[in-house]
Each structure stands twice: as structure tokens, then as C-alpha cells.
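As a plain string of letters, each chain reads:
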Amino acid sequence: MTGKFRTLIATGALALGFSASAALAQTELRMTWYNDGIEGEVMQGLLDRFESQNPDISVVLDVVPYKAIIEGLPVQLAAGEGPDLARVTDLGGLSEHYLDMTPYLADTGYWKTNFGPFLKWLDPDGDAINGFMTQLTVTGPYVNKTLFEQAGVALPGKGATWDDYATAVNQVADKLDIPIPMAWDRSGHRVSGPAIAMGAKMFDADGNPALIDDGLKAMTQRLYDWHQDGTMSKELWGSVSGSSYLGANEDFANAQVVMYMSGSWQIPQFAETIGDAFDWWAVPAPCGPAACTGMPGGAALVGMAGTDHPAEVAKLMDFLAQEEQMAEFYGKTLFIPGHLGLAQGGVDFATDDPRAKHALATFAGAVPGISPVAFDLQGYANNRVMFNALISRLNEAIVGELTLDEAYDRMSADITKALAEKSRQ
Amino acid sequence: MALQSDHNMGERMASLAGAPVRLLFTVLEPPLAALQRGLGIKRMPWIFLLPNLAFFGLFVIVPLFINFFYSLTGGTQLYLDNRPFVGTEQYGFLLDCQTYADPQTCREDRFWKGIYNTSIFIIFQVSFMVLFSLITALILNREIRARGFFRAVFFFPVLLSPVVVALIWKWILLRDGILNAFLVSIGLDKILFFVSPEWSMFWAVFVSIWAHMGFYTLILLAGLQAIPPDLYEAAEMDGTSKERVFWRITLPLLWPNMLVVIVLALIKGVQIFDEVFVLTGGGPGTATQFIVQYIYNTGFTNQVQNFGLASAASVALGVALFILTMAQLAATRRKDDV
Amino acid sequence: MSDAAATPTRTLRGLLNARRGRNGRTHWTDVFTYLYLAFGIFLMFGPVIWLTMSSFKTSSALLEFPPTFLPLGQIEVQVEGYDKPLPLFEATLEDGTVKQLAQVRRIGIISQMVDPANPGEKYKVPINQRTEVREFRMAWDNYRDPLERFDFTRYLYNSVVVTVVATLVTLLINSMAAYGLAIYEFRGRGAIMMFVIGTLMIPITIILVPVYLVVTSMGMINSLWAVILPGAATPTGVFLLRQYMLTIPKDLIEAARMDRASEWAIYWKVVLPLAMPAIAVLAIFSIMWRWNDFLWPLIVLNRSEVYTLQVGLNAFQGELDVQWHYILAMTVVTLIPVTLVFAFLQKFITTGIASSGMK
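Chains as they are written, first to last, in this note's numbering: chain A, -12 to 412; chain B, 258 to 595; chain C, 6 to 364.
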């Protein structure tokens, strides 16, 4: 008993000492990563290959909950305690902490050609090369096509508006007694695409955020009405506060939802959980007067300026960014490629599910049709401030705490306040 | 008998910790004895307090000061020397209301919503917590079978982490959860609990009572057991009714423990955060968003991490709590040596 | 403590007659007592049992309404001429007969089915005319998948180190401080007690960033010390131990001083053994706090070799999906040690807190 106890303490102390001085023999890089599906495993495979080609560099993949990426990572970076590389979603917001790999890359041309538009998302004010998109996402709706067939309602075709879809899904739900005709992810990012379709401009002439305009109001008014008339359930948007994300995956998978506004990242999950239980069908982004558009988005792998080994970080990033690795990564993870060469050439996705293939084709095909406003919004460094204000205040209106007009005023005030705080140095 | 069982337990614990602990204490003895000779016995309490105070100072007092200075600065920088001084601007922003009775008239409406929600929460939570802890303690104090087991039963949820507690109940209360299955099976409609502000608040209160009741029950149980049995015997001789015995003997003698329960429940109630956050997410709307969640969101989860405003809110909360506790201590002081 | 229930001398007859009603008659409060206790067991354990049962269900079974109590899985059968095993359904055919058929594939709302006994015969069944045939099956994958993905033993080891070391440090410094505050009369004692109670009220959540700054400046980020040290000087512990030590007779200490024992010797040879019940309580609390700690480790530990179990087990929580089957399973994993501690130490818990008074 005593002996064991002493050993425990001793090894404990040893382990603690070790963690501080582990990486003396070779260069060790730390990559902070989060998972939505199997992408961590695929990345680990690529890292193993990199390590075998570069025995002097070892890479450790630190998988954290997504919460740590959003809440912990910014503080760690600000304190100079961040990792060497990280997978981030607040692309422009953390820009000041990214490493510009330009001096370390042999072929910057390759990066510019293949990642051009996305580099701007990572560095809105400059032309640095910070990283690449591990996943390009496009928002858009899925419908439960089987339900449409059972109800004998025709699926709205290309060019259908949001109102057409609202009418159709209500018909289906009425006939088959489905509780939720339409569900949207609880996210300001998701609302923005349809709002832009309705004519929202998001920015004023000088490029400053101007969230509230008639286009945005047209969409938020609809969302408000749909929640009141039962087209959408208050369960999803009404049941949490602030900017918390909530999805309707389970209800959709359980055939409780006719139409689900989400995005391309759901494909691997639907393929696994729904499979062939019913036809989950990605449809093109519904239209408004201004456009038929979703929002682009995604997650990026970036190098961090705080690293002690910028050359090695760039070497690793350059390895991962090569077409061979990227094709394998996107193919296995079923992610829409954020690599222009692959996007044109097509990726061989590792699935034989016809629904998944159709969905991948639909979303990949939607990329060229995305409105320039949506690209600008995605590239704006403080877009999360706008998204959060939009969703949290709209939500308070929907549950009846505010009127829509009060909510608009609060949205503007929230954005002004946050930006003022940020610009105060 | 009490002393004997304590000793047994003491020995078992001591053998559990084992010889290394004893070794440590023995090794420390000569230097501390020397210290005592040098400083005199009068200064020894400070030696005993030193390690705890050092940790305390480092990880509580220093952060509290930093927190206070944060509240006087603005911007988004982490280190104080990079942050512009703004005086009491953050406080002014927080307190800028047309009327304090209506959070919607305040510039920072969510701060006030948090305060109102927290107040409502503690009123219900503390009163029902005390009520149910008391009932449970009275029942566990009776001569029932397997008393030790039942005492432990009510204590079990105290050991669970807040996140686990919330997940357990969320899983039960979901639209397709077991509680709704039960409602449907007895012919009622499903209830969407987390869509209704009233139900959300109800479950927030219920779940936090579920999780913490066992702890307060034991405190009250200890008080009940300290009441001399002869008082009850005398009352029974006189033929006093059970109700009268409860109001005249049990409750007054239990009062010090009741006070401890009330004070602790109040303190914990103001701090309520993770359980409810995981359970309701603060919704619907802002119906169960409490003050600590507001501070956490402002300083942490928002894209622009506003440490200044969050710190100002926490300082304001701290001042309010301090006044509350001092008032309670003044009330308890007569009864107790604190 | 005159706890009759705890003494082994109790006879079986005494057990059966144990009620408080006068003259052995059953008072309404006796009935109420047992109803209350039965409901108490149901309410305290029921949710945890339900969670555990649910954690063995497949992700699709979790979505069912109404939910089944036992985890069920669809039976799959091997049919001649097909490579993969096929899922078995109970199908109602057009003529109204009910037959067990295996599904080959589903196209739209029509399911192509085959009779496992007679693979030549094929059927087309509308999908709302068939139900799954299921059997009791535990979905161990809910546990295996996340556990395999992570270095489980490493996280367990870290969690144990954190819990043990932190609890020992807490017990040592808290009991020393409590001793100083309970045994001596000195100037400043009142102020320090006030201080202790004052800080009882501060939730770490609201000073997270300043504490992070302190820990960073000490260079402790990504070491287990960053998790162990900040919470060691708990005001609750000092308060609890001090209140208990106040009840120790002063004569004992005076007698020891007469014997020329040093103050340190009195502390650890006289007072500590007597305070063991309260120390046991604090030990249990400290173990629970440390074991369950999530938010703070999440922020100060970002390298996988120092993750604690709570951080590691939550690492599968992504941005965009809530995978209940994993969440439930991993919650059960973190529950196991807590439940074991509970089972073995429940006596300490109840007698310890009860006798430590907290008065």
C-alpha cells in the first residue's frame, strides 16, 4: 500500500516534469483540432505519412471539444500560450494571431491559385498566406423527399422561392401529420443567406456593417411569422438563449421535419444516421427577389504566429495542402473541397450512398451561384458579431420578449457596442 | 458511542492515507518546533495560516484585484497594460436604465434580465430547498428501516457534476423523452418544456433542488440529532400533540442549522450557472439566463470578448453579495460564533 | 450521535417494529414516510438508471418515440445470394397476411423484400406496411468508438493524479488553516474568518480570465499543477474543518502543551485524528470537485498528454452535431467512479457530515 502510494506520487511528479521538457530530440508541432465526424482520423493518417517522410518533425494532434476552440483558444493565443497550428472557425476574428507562411513556402503560386478567395477570409486586410480550408461549407436546405412522395405533393423545382417551399411543406405536414413542417439551424450564419436572397446588403456604401435593411427585415419577418403560424417549431429557436447553436438533426432523421435548413456539413452524418431510411434530399437554395443563395463558410487549418518553428509549420502545411493529400482528406471526410483545383476536377468521394452523392453535387454546384454579398459577409472579420446579434435578438422577438422593431434596434446597438469595444485600443 | 465510531473511522482514514503522510508530518516537526521557539507561540497561528493564505492570495485575491482593474478598462486586449483606461464607463453602461423595474429600458438589458431571473430563481429555489430538505431530514430522523441506506440515497445526486445532472434531466425532458412518453401514455399531450418560460424556470429550480437537496438534508439531520431526546419524552408525558412538539421544540432548536442551510443555499443560488446552462441554455429567449451566465457570455463566448464589461458586472455582483452576506451574518451572529 | 439504526445490536424484531406511532399502532405519518422514501429512491436513482439504459441504445433507437426501456437492435439475417446480412422486418402484405421478410433495398416509399426461408421469392412492400423485428442488444459501440479514439488510460491517469494530489494538498493546507483559526485567539482572526466567508461566494467562473493570467505568468499552462493548485485553498474546507475543530475540548490541547508537545505535534497528533470525520467529508468533496472539474481544465490544458478525463471524454463534441449516443455513454463512464466512491464511502458521507455538525 505504502510502497504503491509512493510510486504513484513519484511517477506523477515525473510525468509532470516530463510534460514540460518532452520535445528536445526533434521538433514537435502541436495542432489543436476539433471533430464533427471522422476528419480527425483522416488527418491523423496524413500526419503519420508526413512524419515518416520527415523524421525530424513530430506532430501531435490535440483533439478538443469545439467549446475550447471558441472560448479557450482566443485567450490562449492572446496570452502567447497557443498551439503551433489550429483548426478554427472564427476565420477573420483571430487573424492577428495567424502566421504568414509566405517567406517559408517554395511555391506561393500554388497556394494563391488553389486557395485564392479563401486566403482573404483568413486575412481580410492583407494578402498573407495563413492556411487552407479543411472544409468549405455551403448552407442550404434538405427535404425529406419520401414524405413529399407519400403526401403526393410536388417538390418545388428550380427557382422556387422561400414562400413556395413554406406552402409546400405545410401541405405535406398537414396530410401526413408531421409535427414540424420546416426547421432551421439556430444560427445567424444560416439566416444570412436567405436574407441576402431577399435583398439584404449587410454593409453600407463604405463597407461598414449595416445589418438592418428592408431585405433583412423581409426574411426576419417571415421567420417570425412562420414561428407564429406553426410552420417552424419554437422548440429549436425558442429553447435556448443568446447565440447558442442548435440543430434539428435528430428531428429530421426521425422524419419529424419536412424541410431542414442547414448545410453541406450534415452529409456524412445523415449518410450514417439516416442512411436509406428515407430519401433525404439536398435542394438548391430557395430564391428571393435578389438572389438564390446560401452562405459559404467553413473551418480552416492555420499556422500560428506564436510558434517557435515557423519553417516546420509551413513545411507541414505545404505538405497537407498538396493536391494528393487534399483529395484524400476531402474524399474520405465527404467535405466540399476548399481547393479550387479539386473543386473543378471533382473529388472522388468515399461513399456509394446515392443521397449523399446527390447532396454533395448539389452543394458543390451551388458554390458558383453564391451572391457576392454572401462572400463579403463571410470574409468580414467581425461577422460573428453580426450573426450573434441577429440570431439572439430575433429569437427574443420570436418568443415574445421584444417586438420585431425593438429587436432591430437591439441588433444595431449590440453590433455598434461590440465593434466600438474592439476598436478601442 | 459517537466518539468510538469517530475513532474507528479516523483510524481507517489514517491507514488509508498511510505512512507517507505520517512521514511528512514527522519530517516537518523539527523545523516547525524550531520556528515556534524562535517566534513564540503567539505567532504560531500565522504559520499555520501561511500556506493557505499564500494560495488564497495568489489564486483568489490577486485575480480579484485584476478583475477590478479590468472593470476600469476597455478594449479586447488580455494584458492590463495594453488596455485603455476608461474610468467608470463600464459601470455607467451597466447601470444606464430609464427605469430599473423594466430590464427592456436598460442599455444592457441582459444584465438586468440576469439579475431579475436570478432573484426569482433564488426565491423559489431556496424556499423549496429548505422545505424539502426539512421534510426529508424529519423522515430520515425517524426510526425507519435501513436508515443509513436511505440517507445515502438522497445524497447520491450531490456527487454528480453539474453537467451530468443537467444532461440526465435534459434527456428525460426532451420532446421525445421518457416524461413525455409517460404523459402520452396516460392520455395527455406532449409538453415542450423548454419552449415555455414557466416550465423552464420550474425545471431549473427542480433540477437544482434535486442535485443539492441531499447536502442540506444532512446538515438539518445533524441538527435534529443534536436535540436532546428527553425533551421529546417530557413532551410525550405531558400529552403534547405532535404538531405542537414540532413547532415548539423541533423547529426552534433546529433554527441554527436552518440558518446555515438558508445562507449556503442563497450563496449557491446566486452562483447558479452550469446546471441550468446545460439544461435550458438560458432560454427560451432569456427566461432562464442568470447573472453568472451573463458574465460568462460577455467575457468569454462572444466574439468580442469584453473583459471590461464582464468584470464590471462581476464587481457589481460581488458588492451585492457582500452586502447580502453581511446582513445575514449580523442576523446569525447572536446565535453562533463566527 | 445516538443513531440506533447504525448499531449492529439491533434485533430483527426491533427492525420490524420500528415505528414511532404510539402504542405500536400505525400513524398516518408512518405510511407517508415509506411512500416518501419509495418515491425518493425512484426520483434519485431512476434518472441515472434511465440514462444508463439509454446509453446502450443505437443512435437510431435513441430517436424513437415512445422509447423502449431495454436497448433493442434490429435483427439481421444472412440470406442466400446476398453478401451482406439483411435487416429483418415484419411486413403486412397486400392480402393482409403478416410475414417476416428481409429487406434487400428501399427505393422511395417502396421496400424490396425477400423471404429468408425462400430467397427466390421477392416482395414489394410500402414502407409504412413494415415494422422492424428486434431483439435485446447492447450497443457497445457507443462506448468503444470514443474510447478507442482517445488515449483513455492516459486521461484516467491524469485525472487520478490531479484528484489525489489536489485532495492531499487541500486537506493539508486547509486543516492547518482551520487549526490556526480554531485553536488560537489572536488579533485579526475575525477579519480572516470574514475573508474566508466572503470568498465562499465567489464563483470561479467570473474570475476565470484573471486566474488564467496568474497561472500563465507562473508558467504552469499545460501542466497538471495549473489544475491542482488554484482550487487548493478552498474556503468551504477551511470553514467546515474549523467549525468541527471548535468542538474539540480545549483541555486536551492544554494537557498536550503541559507535556511540552510542540504546536505542530499537537496539530497532527492530537487535533487531526480527532477531526478525522470532518476531514473525511472534505476529502469526499474534494475528490468530487476535482473529478468533475471541466471548465477550468478545458482552458488551461490544451495538449492531449495532460488532458483529464472530463476534457478528453468531451472532445468528441463538435461544432455542428449533438451525438446523444456518445454523450450518454461518456456520461456513464464518468459516473462509474463517482458511483463506486459513493458505494464504498456512503457510511463516511452520512455519518461524517452529520457529526461534523456544520453548525
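In case anyone wonders, no lab produced these hints; they're calculated from the structure. Treat the hints with caution; some may be incorrect.
Said to hold, decoys possible - To spell it out: a stretch of chain B is covered by chain A in this simulated footprint if at least three of its residues, at any positions, have a beta carbon under 8 Å from a beta carbon of chain A; those stretches are:
(1) 320 to 334
(2) 436 to 445
(3) 531 to 539
(4) 555 to 561
Glycine included, C-beta positions come from ideal geometry on N, C-alpha and C.
**Prompt:** What hints, given by number in increasing order, does this structure fail?
**Reply:** Result: hint 2 breaks, nothing else.
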